[in-house]
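Peer 1: So the sequence shown is numbered by my numbering: it starts at 1101 and just counts up by one.
Be a bit skeptical, because a hint or two may be false.
With a Cα cut of at most 20 Å, we get these calculated SDA-like pairs of lysine to any residue [as the list claims (entries may be wrong)]: (1) K1196 with D1212; (2) K1146 with S1199; (3) K1154 with G1247; (4) K1186 with N1284; (5) K1206 with K1146; (6) K1186 with G1247; (7) K1206 with G1187.
Derived by calculation from the structure, the hints in this document are not laboratory data.
Here the structure is a predicted model, which is why all the values come from computation and not from measurement.
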Amino acid sequence: MQDSKHNILLFKFFIMNLRKNKGFTIIELLIVITILGFLMATFANKMINQVTMKANDAAREENLSSLRTIVGQLQSEYSVPPLTGKGRKYPEDCQKTTSDLYACLKKIRAFDTEEVLFETLADPKYGQLVGDAGEPYVYKYAASDHGFKICAYLENQASFTKLNADKEGKIKGNLADATEAIDNMFCVVSGSGVDDLVAGDVKTQEPSSL
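Make a model of the complete structure from these sequences and hints.
Peer 2: Rendered as structure tokens:
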């Protein structure tokens, strides 16, 4: 951003000098065209990045909404959410706290295929890190007898502001030891008393490597 402002100032200075000279040489025109092309490319790249971030955040919102519905249905059926250590009728992968949400939903075949399961539980930037924090882009899950929360990192501040303005989620709570200082963590919440639960990473495995 700072470089863009610097380039624009240089461009304005260059044009002012050309006006004083009352004319353009071929070299000067080429310089102007080159600078304009660079500025346009910089602007286009910024716009593409913004569109990509918004698309990723929209996918995260959709995935978290789907997961809230599925986990909510499991809570209604088994009286408690998965991975609480309770709910005796649950398969083992859904009952024990040492399991994970991916293994649970795979076990009960919550999705038609493992590809759809992976697409829903894997962040759009799966395998990449969140800024300089060193945290991977993964969804996070926590549950108690009374409810659960599913969280994701958002890339775009506008997405975060909109979602929280719509009151579709919360950012409260102890999410994980290394993530408390990371901004733009959005959570969908069901039930009560889950704000202070530590949300662990939702582990995923690409279908091709299963």
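Peer 1: So, for every hint listed, does it hold in this structure?
Peer 2: Evaluated hints:
1. K1196 with D1212: violated (24 Å)
2. K1146 with S1199: violated (41 Å)
3. K1154 with G1247: violated (29 Å)
4. K1186 with N1284: violated (32 Å)
5. K1206 with K1146: Measuring from Cα to Cα gives roughly 38 Å; hence the hint is violated.
6. K1186 with G1247: holds (13 Å)
7. K1206 with G1187: At roughly 18 Å apart (the allowed maximum being 20 Å), G1187 and K1206 satisfy the hint.
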